[in-house]
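*Asks:* Letter by letter, the chains look like this.
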Amino acid sequence: MRNLHIMRYVFGSSSSEPISDELHDLYLWIAQSLTGDECELSDDNSAMSLPSVAQLGGSGMNEINNQILDYMRDQWEKPTDVAVVDIARATPSETIRPEWNIGVAAAVAARVAQAGVHNESPLYIVLCRARPTAGDVVWSQLSTALNSGMALILDDAGLIRGQDRFVSMIDRDEYKILLKKARKTAIDILELKLIRRLGHFRVANRLLGSYCTKHYFDGSECKDELAQLIRTFISEQYKTNEKPFVIFCDPESDWLRDVVVSLQDLPAAGSIISLDNFLSNVRGGLIRINVDVQPLLILSVVGTARTLNAILSEWEKEQLPDPKILTVISTHGDNAQMGNWDVTLADKEHRLFYFLRRARMRYQDECPMCRLEIPHQTTGRADAYLSLTSYDFWEMADIAECYPEKKADIPSHRSSPMKAQPPIRQMVHENGPWLARKAIDLIENYLGEGCLKGVPIVHLDEMGAKPLPLYIREISGATLVSVPNWVRNELSDDGADIAKVLERLRYDHPHCYEQLDSVNPNNPVALLEEFTFSGGTRKALTRLMEKLEREVLFHLCVVSFESLKPGSANMKSFSLYNFTLPQE
Amino acid sequence: MTEQERSPIALKLCRLENGLAGSVDEMISQFLGSLQNQDAAIGIDLSQVKFIEPASLIFILAIVNDRKAKNRRTILRPPKDYDVRNFLRTWRFFEALKAVTDPSSQYTSDVKSHDPKRRVLSRNDSMSQSDDSLESIVKREYLPIRVLCGTTPEDRPSNHHVDSELRRWNDTVIMAWLQSHLMGPQGIERDESRDLAKENFPARIVFEAMMNCVRHPEATRIATTSHIYWPKKSPEKGTYTAIWWDDGKGIVETLREAIDAGGPIISDAPPLPEKQCAVKMQDASQTRDNCTMLTTDFVPSHDSPDSDLLFSSICSRVTRDPEGKGHRTALSEDIPQDSPLRQPGMGLYILADCAINIFGGSVAFRTDEYFMNVKIGLKRGERKADYAVAIKCIDTGFEFPGNMLTVRLPITRKIAEAESRR
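Taken in sequence, the protein lines are chains A and S. Mapping of the first sequence onto the numbering used here: position 233 corresponds to residue 233, and the numbering continues sequentially without gaps. Mapping of the second sequence onto the numbering used here: position 71 corresponds to residue 655, and the numbering continues sequentially without gaps.
Since the hints were derived computationally from the structure, they do not count as laboratory data. One thing to keep in mind: the hints can contain errors.
What the hints assert, rightly or not - Mimicking DMTMM-like on lysine to aspartate or glutamate, the simulated pairs with C-alpha atoms at most 25 angstroms apart in a straight line are: (1) S:K864 x S:D892; (2) A:K176 x A:D155; (3) S:K596 x S:E637; (4) A:K419 x A:E444; (5) S:K976 x S:D775; (6) S:K817 x S:E719; (7) A:K180 x S:D747; (8) A:K243 x S:D775; (9) A:K78 x A:E551; (10) A:K243 x S:D747; (11) A:K239 x S:D739; (12) A:K500 x A:E490; (13) S:K816 x S:E983; (14) A:K180 x S:E776; (15) S:K723 x A:E551; (16) A:K184 x S:E719; (17) S:K652 x S:E719; (18) A:K239 x S:D667; (19) A:K453 x S:D775; (20) A:K500 x A:E551; (21) A:K181 x S:D609; (22) A:K453 x S:D667; (23) A:K180 x S:D755; (24) A:K239 x S:E776; (25) S:K782 x A:D188; (26) S:K723 x A:D224; (27) S:K654 x S:D892; (28) S:K723 x S:E820; (29) S:K782 x A:D398; (30) A:K181 x S:E776; (31) A:K453 x S:D747; (32) S:K723 x A:E514.
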């Protein structure tokens, strides 16, 4: 039985985060495969990742080297038989830089050299996204250890840099399955990042004339995930030698075009072409279609399917073979994710494949926003307004009824429940990616672009549907620190015993305590909540941060019912929508 | 051109015969070096140019920017050839000129908008909006000139610009093109070569090139462009060129000042592998090549000639700021004192290694009166080395303003496949 240590280092992450069970399983499998022996996760392993010092001072090399060596010396009490050093991940806002890898290589090399002095022969397994080339200067510090067989580098594809004997010890197919299980899948990320913008959009449709929509779908934040999903779809639906025509239709924007053209080197895909060019080339006799292979028609959104019906009517006229139809978003279908919608189009039964099912409101006539003379907005990435408009807010609120606050939810700093509160949780659930994008844009507008990078977001542990912080993390790369709800009640009074709260956190919620403790004291933090009534949560969390000597950069809430007097909050406080409740 | 510019005035005119980068550099350097009154208005005449490289456009941009900063007038005569004018438009050269001269001026409006020969782009035009091939989109949207900062006095080079360039180069479209065409080391499988492109191009080429620009003292502007070239003779193998230019103090002058100040110029970074370099020095007076063998562990001294100082910029530990304390006057105030931008690094060593050893390409530097090219060395013979370095002194009395870094990488494609997708 060998003793396994693990170290997960996430570049750009500003506080430690819990390591999932799936990752632990993966590390154990890797260690056992590469030692050919039973391994046991060491009790003295931390269940948390190591926050990155790389985003702070210095070029990072020496700091990372020292940080890793200190961590291994202080945290790993038992002797190391085998260690998995996972540096394959960075936050979405960070690019792993060569100098940082030099720091990691130097630290692992130092550990191996030290083990050699004591006649020990551990195995250090470094997990990277792509293995370095033989002789890569960035990993040169590790070359002696790689040659000795006491270290190796394993990448996401299961390729190894190190002694040849390790190559046959990894079953690459099984490794990829475990790796996939341990990470968020592309569809999960799509769910968190595909934005449904609210606004007033005028769509000029060549086939159906113009109409208004309430929603515009923006996939520009998740193009990589979409490309991955479409690659998988093509490889599952077509044989490699079929090479279907891949035809895309996205008249409202360019994000689907970007995704589809990026599939150019996919062996299973044939010619890639926009719908307009395809139809005009067919009419002009410029392209020939293999009638035995269904072309693949990819659309961004299918709502009423009237546009698709018109497309397929044109298709019929040209006597083209029936296409397979894939849409990123469908408004109908059997599943919330990865579903089908069987529909009759141009007098034929068709099956639509889709990735996400989302509602879309569209008005052919009698658009209520036109009646109110709300100006049209442009589609694309930029939102016309920093905050939520009243129309958008109340329409979002209209998806579920306002409800009286439950007694159990009343924070101790308020005596009476709110008689009616908007269904914020459902609003976030339906519009999370858009609200997250708006929140980030709002903050960056005031504090500068990139200001969220490396800033941990401290928020209360909300229950139920996906809360806003999850969306913000996926888009901005912020690290989340979730604080249990009772902290708010304990700290709402001016005379609260903060030391006692910290002590309780340390014993009852060690992960939370460790995360808070791991935030670099030179790093500011941000506070986030979904709505504020009297500022109690802000005050409580601010007290906690003050005690921990962490600066609060800003406070953000989706909707504020607070009537803030000028100068009443001594920090930058932002809300996407402000609504002063009538006095009772 | 404005009305004032149309008026007949006595201009010293530099007539460019062609638009090749080396030729443009040579002609403009000789012209400006021989100019007796540098304050005189000059004209750069592109009227006869039938083809122009993006590197030439950046060179001219650097000259116009420098002269504008010194209140010296520069007038450009546009190419007579419509296709070249069209290329300047699509490559956003006029917008870039406007950005470095005066964003509010109408400097080139008539050339830009009222070209008498302007016509609707044909379907066969490689830059046609209706062409939805990956390469056309990349050419249209990712490669044309971008002036990244300096359009307002507050917009100084900062880590924000480095980050946004990293984001841009990681975008799905450009990354798909790079992954499809960049070549990894010989013998490597296609999938792994794709991973290497994704892992290394942004992090080791874009990041280090941008850091190099940002860290140059007194830099206020950064401009970048790239281009793709497939030769007609062997259309399966081409060249991808990426260029970064900043208007900061030149590398040689910067390092000279650090050495003259007497402080250390070696950082305490971990040692990196030593590369043997065959350094060939050329200048106008020398008819024979003068080749010396140096290594990337070379440390220049007080007595080192300027060419050695330029060479040392690709060495692994030489920096003008080993403790990372400097650059405070050069970098904008809002960059924290502990920012990586203020720290020493081995950036150009890593960049050169990546361009040469991972992607099989070369790196060139143009600064002051020097041009340096670094490529893979000879495998055998007296000049056997890891890198072959050629340094040329363009001894005309003209000093190129700022620093221009050019990375050239070989690219490959399958013609049959490319044609079948059309």
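*Asks:* Evaluate each hint against the coordinates.
*Replies:* Hint check results:
1. Restraint check: the Cα-Cα separation between K864 of chain S and D892 of chain S comes to about 11 angstroms, which is no more than 25 angstroms; the hinted pair holds.
2. For the hint pairing K176 of chain A with D155 of chain A, the CA-to-CA distance comes to about 10 angstroms; that is within 25 angstroms, so the pair holds.
3. A hinted pair counts as satisfied when its Cα atoms are at most 25 angstroms apart, and K596 of chain S with E637 of chain S qualifies at roughly 24 angstroms.
4. At most 25 angstroms may separate the alpha-carbon atoms for a hinted pair to count; K419 of chain A and E444 of chain A exceed this at roughly 34 angstroms.
5. At roughly 39 angstroms between alpha-carbon atoms, K976 of chain S and D775 of chain S are farther apart than 25 angstroms, so this suggested pair is violated.
6. A hinted pair counts as satisfied when its Cα atoms are at most 25 angstroms apart, and K817 of chain S with E719 of chain S qualifies at roughly 20 angstroms.
7. Distance hint between K180 of chain A and D747 of chain S is unfulfilled; the C-alpha atoms sit about 28 angstroms from each other, more than 25 angstroms.
8. About 19 angstroms separates the Cα atoms of K243 of chain A and D775 of chain S, which keeps this hinted pair within 25 angstroms; it holds.
9. With a C-alpha separation of about 37 angstroms, the suggested pair K78 of chain A and E551 of chain A falls outside the 25 angstroms cut-off, and the hint is violated.
10. The suggested pairing of K243 of chain A with D747 of chain S is violated, with an alpha-carbon distance near 38 angstroms, which exceeds 25 angstroms.
11. Of the supplied pair hints, the one linking K239 of chain A and D739 of chain S is violated, its CA atoms being roughly 52 angstroms apart against a limit of 25 angstroms.
12. As the CA atoms of K500 of chain A and E490 of chain A are separated by approximately 9 angstroms, the hinted pair is consistent with the 25 angstroms bound.
13. Among the hinted pairs, K816 of chain S with E983 of chain S is inconsistent with the structure: their alpha-carbon atoms are about 36 angstroms apart, more than 25 angstroms.
14. For a cut-off of 25 angstroms, the pair hint linking K180 of chain A to E776 of chain S stands: about 19 angstroms separates their Cα positions.
15. A threshold of 25 angstroms between alpha carbons decides the hint, and for K723 of chain S with E551 of chain A the separation of about 45 angstroms lies outside it, so the pair is violated.
16. Annotation: proposed proximity of K184 of chain A to E719 of chain S is violated, straight-line Cα distance about 31 angstroms (limit 25 angstroms).
17. A threshold of 25 angstroms between alpha carbons decides the hint, and for K652 of chain S with E719 of chain S the separation of about 35 angstroms lies outside it, so the pair is violated.
18. As the CA atoms of K239 of chain A and D667 of chain S are separated by approximately 43 angstroms, the hinted pair breaks the 25 angstroms bound.
19. Of the pairs offered as hints, the one joining K453 of chain A and D775 of chain S is violated, with about 32 angstroms between alpha carbons and a cut-off of 25 angstroms exceeded.
20. With a C-alpha separation of about 21 angstroms, the suggested pair K500 of chain A and E551 of chain A falls inside the 25 angstroms cut-off, and the hint holds.
21. Proposed proximity of K181 of chain A and D609 of chain S is contradicted: the alpha carbons are some 56 angstroms apart, above 25 angstroms.
22. A threshold of 25 angstroms between alpha carbons decides the hint, and for K453 of chain A with D667 of chain S the separation of about 44 angstroms lies outside it, so the pair is violated.
23. Between K180 of chain A and D755 of chain S, the direct Cα distance comes to roughly 22 angstroms. Compliance with the 25 angstroms bound is thereby established for this hinted pair.
24. For the suggested pair K239 of chain A and E776 of chain S, the alpha carbons sit about 23 angstroms apart, so the restraint of at most 25 angstroms is met.
25. Annotation: proposed proximity of K782 of chain S to D188 of chain A holds, straight-line Cα distance about 23 angstroms (limit 25 angstroms).
26. For the proposed pair K723 of chain S and D224 of chain A, the alpha carbon gap of about 20 angstroms is at most 25 angstroms, so the pair holds.
27. With a CA separation close to 30 angstroms, the supplied pair K654 of chain S and D892 of chain S exceeds the 25 angstroms bound.
28. Pair hint K723 of chain S plus E820 of chain S holds up; C-alpha atoms about 18 angstroms apart against a cutoff of 25 angstroms.
29. With a C-alpha separation of about 45 angstroms, the suggested pairing of K782 of chain S with D398 of chain A is violated against the 25 angstroms cut-off.
30. Pair hint K181 of chain A plus E776 of chain S holds up; C-alpha atoms about 22 angstroms apart against a cutoff of 25 angstroms.
31. Restraint check for K453 of chain A and D747 of chain S: satisfied, since their Cα atoms lie roughly 10 angstroms apart, inside the 25 angstroms limit.
32. As the CA atoms of K723 of chain S and E514 of chain A are separated by approximately 49 angstroms, the hinted pair breaks the 25 angstroms bound.
The structure is inconsistent with the numbered hints 4, 5, 7, 9, 10, 11, 13, 15, 16, 17, 18, 19, 21, 22, 27, 29, 32, although it conforms to all the rest.
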